[in-house]
Amino acid sequence: MLLPNAWEQRWQIWLDERLPAKNQHTFAQRSIFIIPSLSGLALLVLLSLLMILGINFQNSLIYVVCFWLLALFVLNVLYTYRNMAGVTIKALRIQPCFANSKAVIELEISRMPSRTHWNLVLEWPEQDQILIELASCQSTRITLSHLASKRGYFVPPRIKISTTYPTGLARAWSYFAPDLTGLVYPEPIKQDTPLASDGSAEIEGKVLAEGGSDFNEMRRYRAGDPIQRIHWAKYAQTGELYTKSFVDYASAAIWLDWNQLNIVGTERRLSALCAQVLEFSANQIPFGLKLPSKTIEPATGDSHRDQCLKALALHGLPYE
Amino acid sequence: MNKTISYSGMLWLLAAQFIVMLPFIMYLPWWLMPIMVAAVIWRLRVLKGYSAQPSSLVKTLLVTIGVGGLVMSGLPFPSLDIMLSVLLLGFAFKSLEVLTIRDAIIVIFLGYLLVALHFLYTQEMLAGLYGILGMTILTGALIGVQPSVTVLNPLQTVRSHLKLAALMLLQAAPLMLIVFFLAPRLPPLWSLPMMPGQTKTGISERMTPGDIADLTRSTELAFRVNFKSTRPKQSQLYWRGLTLNYFDGKTWQQLPEDYDFINFKNQVKGEYALNSRSVELRGDPIEYEALYAPSGQPWLFTLTPALNVEGEVSRVADYRVMANSINQAPILIKASSYPQSVRDLKLSHTLRRLASQLPLGSDPRTHELAQKWWRESGENVDQYIQLILGHFKREEFYYTLSPPLLGDQNTIDAFLFDSRKGFCSHYAGSFVFLMRAVGIPARVVVGYQGGKWNEQGKYLAVHQYDAHAWVEIWQPEIGWTEYDPTTAVAPSRITEGLDSFLEQQEGLLHQSFRAMQNNLPWLSSLTQQLDYLQYQWQRWIVGYDQDTQGNLLREWLGDFSVKNVIFALLGLFGGLALIWTVWLGLWKKPKLTVEQALVSQFDKVLAKQGFQRNPAQTMRDFIKQVSAKRPDLSQPLQQFAEYFEHYCYDPEANKTQTLKQLQQVLKILKRIKSTQLGRNIAPLRPSRISEG
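Sequence lines, in order, name chains A and B.
For the first sequence, counting from 1, position 237 maps to 237 in the numbering used here; every step adds exactly one.
For the second sequence, counting from 1, position 676 maps to 676 in the numbering used here; every step adds exactly one.
Think of the hints as simulated: they come from the structure by calculation, not from any bench.
Backbone N, C-alpha and C define an ideal beta-carbon position, used for all residues, glycine too.
Mixed in with the good hints there might be a few duds.
Pulled from the structure, derived: some chain B residues nowhere near chain A, Cβ distances all over 10 Å [to be verified]: (1) L87; (2) T139; (3) L142; (4) L175; (5) R185; (6) S402; (7) G439; (8) Q475; (9) G574; (10) G575; (11) L584.
Pairs of lysine to any residue, SDA-like flavour, derived with a Cα cap of 25 Å [unchecked claim]: (12) A:K160 <-> A:R18; (13) A:K90 <-> B:K393; (14) B:K608 <-> B:L586; (15) B:K608 <-> A:D179; (16) A:K90 <-> B:Y647; (17) A:K160 <-> B:A616; (18) B:K458 <-> B:E220; (19) B:K393 <-> B:I440; (20) A:K310 <-> B:Q625; (21) B:K604 <-> A:Q29; (22) B:K421 <-> B:S362; (23) A:K160 <-> A:Q129; (24) A:K90 <-> B:L666; (25) B:K604 <-> A:L19; (26) B:K655 <-> A:C137; (27) B:K604 <-> A:Q129; (28) B:K673 <-> B:Q639; (29) B:K265 <-> B:R352.
Chain A side only, calculated, beta carbon under 7 Å to chain B, not exhaustive [claimed, not checked]: (30) S39; (31) A71; (32) L72.
With the hints as constraints, model all of the structure from the sequences given.
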């Protein structure tokens, strides 16, 4: 925007009032702005030239061309408006992401059955944009990405939706402020020194149920064993079905403890912890997380990981 | 965003360029067209990948050749012709480098400009239709070059763009017409250099009977006349254009000095301007309105003598009426003529001298003949004229449009004694010569004779082939009298018109269109209808000027009171707005489908109960979640889901009945009291800040 700051702020406040955040919005008169585009303004220059020609040569047909283009220019505004009116945009979700990576919002754009829409641009200016049409389908799902610079909640800025259809002489645009937030985990930065501290040695080596990572033993097939684990080579030898069984070991309940980190700075600590959480989860190593405000018991699995990451993301922020 | 234009956009552009440039070959140097075609073909090859993008060296070379060619072409500089040629060259060469959407839009706008500029050369109805074609293609191109998602194949895309362009122009037309008819017409802001394509049509200011004329065969329209009073007989329709006084032995011209139009206009004062006192009005007036096609000349054609002429005209002492400027656009005048009047009982010295001039020593045989007849007639003017006309009638004189050449000297002798074949100019010229030879002031009048009556439009259409030359002689006490010596040779030329005359005489036009339409009644009526359309076109579109506008508005509004004007404007623009909203389907609110409406109703009812559905959540999932917290809602919710799925997905469902059931369930859900317990607690959210 080329507006001075004070005006820019007013404009933003006015927009907030006019187009409050919500998860679904259907564009109509109240929320669509239209102005002539650059080529529209160029057309007006051409029209003045034609007008001068028409006057000077007293040529009726030049007048006709001039006025016809003028009428087209006016009519085009209605077309451009119609191309946007009735479009419904719905914010579905924002996938969690890491700081300094892209937060991705999923949107569903749909139309009324009686109208078709062409060449709609959805964009986060300077971040991402996508050109869609809503004619061959009733609704379409798109994603739009935006750099999430800080951990915590990503509050998506207003999404600009615009169109210059059909002739590009006018531009209609509006904003959609999704009432969603996305989690932004700390940026994972791996440390050279291990962070984990062993809690107590006695659980080390304890077998944790039927896992999947380490080979344990070969035993007779029992009904219900997964077919991938049947030892076919053995079957070929003996003619009997054997199953390979696996276990996970609780490698002495590793704790990631905030207070025992040898790193300066909250964000750097969080980043290091984040990287470690990801590494343990990827290797299916059970671990626990101790933060000043929160303790998460050792476990493995995706939901455990997400819980830990969320705790890291929101650490020290006023939401939790 | 991708700013380069798509393949179909490029095709659009090339088509538009071709259509726009095509008609200019008729007016500008012919070699412009091959250059344009070459540019277009090169561009197509680049698109197809056969050729490389022309290097800047090649482009510089092309531009040099183009500009050099223009310099060599000898077009006057500065002139609109040369400006247009440069514009066209640029337009053609631009296609060699069009890549971005912005470039494409520049080309398209240039195209619109060229469509308009073409009307400086011609404002015919056909040119107008061609202009509409150009506008449509250009608008299609404007739509076609916009960045877009491709879902259709190129052909479908082009077709849909073309359809949209045509529809938009059609819908824009009413507004265009309103503005066209209502916008005030201003006088030219500054005077202009020569108009482009200033070709003169119609009669010439010089008449050289010894040269072959082909004017008579042109079927172009000269003017149309609407009679307010009864239509005079065909044989009385002598439309005076100008008079030729000076004869140099070969060529007749207006005055001894060869004036061009601007200088001639400066002469029209004093003795040369018409003094209305020199006319003695007699008889009933013929009132008419004449609409002249642009001719590149100032001459207008009226019945003699035309008085009370309304319009931007001057009147000259020889009773001609001329426009104050060169006739570039159709011009409309109203006039009343009094054919029975007496003109110039007294002839001024200058005019008498002009009407008596003869070249020294030329045509001795004709002089001898004149003296002989003058004596035979007893120096009686009427007798003398009868002798001459009788001679034309009795002797072997022929009317023909392709007479033999008469040489450079003694052309009158050559015609009267040797060839005896000629058309109106020959007869008129010799007649005036014979008059002057015995001292009777006489002059040649050129203009048109007759015209074709259009029954449908109730007007007379005068064409170039009606061009004619006749004479008038001056006698004391009587003034000027008009004679048409051609009637002596070919009376049907006047009474029946040139068409039928030529058909009888020479069979010349038997193969031609004109002869054909005379034999086919339906063709004749078709051409009449076309001519009528042309007339309306000239009258209401091309010739629509300040005067016409004033008359039209007075007719519609009565008077220009503020109230009337406001009502008229409100009516027009209100009507237009209504038409547009209905036509574009903007009047009805966009409707939800039944399914969408049901979901939105359902969400609303449950929101009242305190449950907000996550937009990404499925209905089933949501119902499960709600039922867990509010078992009392579980049963109707389950029912709703079932009916809903039934409604949406079961092809055999009874839609109306299911809909009724669904609405009933919704009613039940609404009636169940929400309990405080069941209320969802809204999750804590960060407040909105403008920076992500």
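The hints, checked one at a time:
1. L87: Since the minimum Cβ distance to chain A is about 12 Å, L87 of chain B lies beyond 10 Å and the statement holds.
2. T139: violated (7 Å)
3. L142: Label violated. Min Cβ-Cβ 5 Å, cutoff 10 Å.
4. L175: L175 of chain B not clear of chain A: closest Cβ-Cβ about 4 Å, inside 10 Å.
5. R185: violated (8 Å)
6. S402: Non-interface label stands for S402 of chain B: nearest chain A Cβ at 38 Å, farther than 10 Å.
7. G439: Answer for G439 of chain B: holds, closest chain A Cβ roughly 48 Å.
8. Q475: The assertion about Q475 of chain B holds, with a minimum of 44 Å to chain A.
9. G574: At roughly 15 Å from the nearest Cβ of chain A, G574 of chain B sits farther out than 10 Å, so the non-interface label holds.
10. G575: holds (14 Å)
11. L584: violated (6 Å)
12. A:K160 <-> A:R18: holds (14 Å)
13. A:K90 <-> B:K393: violated (97 Å)
14. B:K608 <-> B:L586: Violated, because 33 Å separates the two Cα atoms, which is more than 25 Å.
15. B:K608 <-> A:D179: holds (19 Å)
16. A:K90 <-> B:Y647: holds (24 Å)
17. A:K160 <-> B:A616: holds (21 Å)
18. B:K458 <-> B:E220: holds (19 Å)
19. B:K393 <-> B:I440: holds (22 Å)
20. A:K310 <-> B:Q625: holds (23 Å)
21. B:K604 <-> A:Q29: holds (23 Å)
22. B:K421 <-> B:S362: The given pair, whose Cα atoms are some 20 Å apart, holds under the 25 Å limit.
23. A:K160 <-> A:Q129: holds (9 Å)
24. A:K90 <-> B:L666: Holds - the C-alpha atoms of L666 of chain B and K90 of chain A are around 24 Å apart, at most 25 Å.
25. B:K604 <-> A:L19: holds (20 Å)
26. B:K655 <-> A:C137: holds (24 Å)
27. B:K604 <-> A:Q129: violated (33 Å)
28. B:K673 <-> B:Q639: holds (18 Å)
29. B:K265 <-> B:R352: Status holds; Cα separation ~21 Å.
30. S39: With Cβ-Cβ at 5 Å, under 7 Å, it holds.
31. A71: holds (4 Å)
32. L72: holds (5 Å)
When the structure is compared with the earlier hints, violations turn up for hints 2, 3, 4, 5, 11, 13, 14, 27 and for no others.
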